[in-house]
Amino acid sequence: MILTINDDFDLEKIADSGQCFRWERTGEGAYRVLHQDRCLRIAALGGRRFSLDCSETELETVWRDYFDLDEDYGQIRARIDPAADPFLCAAAERERGIRILRQDPWETLVCFLISQNKNIPAIRRSVALLAEACGTPRTDRAGAEYHTFPGPETVAALDGDALRRCGLGYRCAYVHAAAEAVRTGQLDLERLRDADEPSTLSALTGLYGVGIKVASCVSLFGLHHMDAFPMDVWIRRVLAVAYPNGYPFDAYAPYNGVYQQYMFAYARTRAKGE
DNA sequence: AGGCAGGCTTTTA
DNA sequence: TAAAAGCCTGCC
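Final position of the first sequence in this note's numbering is 298; the numbers increase by one with none missing.
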């Protein structure tokens with residue numbers, strides 16, 4: 025089917041934004057998107073039109089939510105005052121097209137546990153190996169195979185060697201502990217969707233191997249808490265240089281996480297030499 | 001109490 | 001060889 029999207033929507037920018045690790049580039053402006061047990065092939069047709077290999081029903085019940093299509097990112101960008109904050113304004117303009125996906129919280133937790141001390145290609149590799157190790161094989165609409173993302177019960181049942189073969193290293197224990205906590209209900213991710221930020225972060229950092237950075241990523245990318253603000257080495261550097269007198273978090277609530285994404289992508293694309 | 005150093009598996013550039 | 005969307009432990 026063909027979908028017209030009038031708001032910000034740039035597949036390449038989203039794919040490279042570092043929030044999702046199960047997108048595969050299949051061609052110019054085209055991606056295979058894996059989400060829970062589903063697979064979608066989506067491609068930019070030029071202008072504001074995109075082709076999706078799913079039904080209208082699946083778009084409305086799954087992908088509209090996943091791509092956060094009911095949010096107005098143009099309006100979120102318009103809240104930035106160019107005179108008061110030229111840096112953020114430039115970052116948002118350059119990185120326009122990024123959206124905050126509504127990813128599965130469990131999947132997001134595992135991905136960001138794996139992310140620590142790894143670069144993005146290595147994260148993608150480990151996540152793919154984990155899905156191949158214990159996800160369910162399926163055939164997508166183009167006839168190619170993919171693996172669903174394994175649930176906490178499946179991951180918890182995996183033996184240590186199988187986890188280690190996914191290239192997880194010392195993170196094996198973290199992933200296993202998280203699987204166990206979610207499986208037993210000790211951590212209820214669904215309940216955190218509507219929880220306030222302090223209790224969300226403290227519940228997540230209670231897990232072995234989850235610090236404030238990973239917890240913030242799960243909050244923003246997995247629970248869609250749009251005000252969560254992951255503070256990593258890149259953002260720390262950006263804030264130190266561009267905001268020596270402090271960053272105005274209060275002025276940008278409740279969308280701090282969106283602006284964080286613009287600044288993160290901006291810092292990285294500039295570092296890559298653009 | 002809160003901050004800092006050192007270590008950790010593996011992959012990537 | 002160093003760096004990579006960090007975190008844990010031990011020490012002060």
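Hints are computed from structural coordinates only; laboratory data are not their basis. Note that beta-carbon positions come from the ideal geometry of N, C-alpha and C, so glycine has one too. It cannot be assumed that every hint is accurate.
[Unchecked claim] Heads up, simulated EDC-like pairs for lysine to aspartate or glutamate below, C-alpha to C-alpha not over 16 Å straight-line:
(1) Lys37 with Glu52
(2) Lys37 with Asp164
(3) Lys142 with Glu156
[To be verified] Pair ranges (Cβ atoms, derived):
(4) Gln60 with Glu221: 37 to 43 Å
(5) Pro145 with Glu117: 23 to 29 Å
(6) Ala102 with Pro145: 19 to 25 Å
(7) Thr50 with Pro222: 37 to 43 Å
(8) Ala264 with Ala157: 39 to 45 Å
(9) Arg103 with Arg49: 27 to 33 Å
(10) Arg49 with Ala197: 17 to 23 Å
(11) Glu169 with Ser226: 37 to 43 Å
(12) Asp218 with Pro110: 20 to 26 Å
(13) Glu169 with Asn269: 40 to 46 Å
(14) Arg73 with Pro278: 29 to 35 Å
(15) Glu36 with Glu169: 20 to 26 Å
(16) Ile29 with Thr50: 36 to 42 Å
Do the Cβ positions of Glu169 and Ser226 conform to the proposed distance bound of 37 to 43 Å? holds (40 Å)
CB-CB spacing for Pro222 and Thr50 relative to the 37 to 43 Å hint: At 41 Å between Cβs, range holds.
May I ask you to test the hint 27 to 33 Å on the CB atoms belonging to Arg103 and Arg49? Distance hint for Arg103, Arg49 holds at roughly 32 Å.
Hint consistency between Lys37 and Asp164 [alpha-carbon to alpha-carbon, up to 16 Å]: At roughly 24 Å apart (the allowed maximum being 16 Å), Asp164 and Lys37 break the hint.
So does Ile29 sit 36 to 42 Å from Thr50, Cβ to Cβ? violated (19 Å)
Has the hinted range 17 to 23 Å been met by the Cβ atoms of Arg49 and Ala197? violated (32 Å)
Kindly confirm whether 40 to 46 Å is satisfied by the beta carbon distance between Glu169 and Asn269. violated (53 Å)
Given pair status - Glu52, Lys37, alpha carbons within 16 Å: OK: Lys37 and Glu52 at ~13 Å, within 16 Å.
Within 29 to 35 Å or not, the Cβ separation of Arg73 and Pro278? This hint holds: roughly 31 Å between Cβ atoms.
Supplied distance hint 19 to 25 Å, evaluated on CB atoms of Ala102 and Pro145: Check failed, 35 Å falls outside 19 to 25 Å.
Okay, Ala264 versus Ala157 on CB: inside 39 to 45 Å? holds (40 Å)
Look at the Cβ atoms of Gln60 and Glu221 and judge whether their distance stays inside 37 to 43 Å. Distance hint for Gln60, Glu221 is violated at roughly 25 Å.
This entry does not satisfy hints 2, 3, 4, 6, 10, 12, 13 and 16, going by the numbered hints stated previously.
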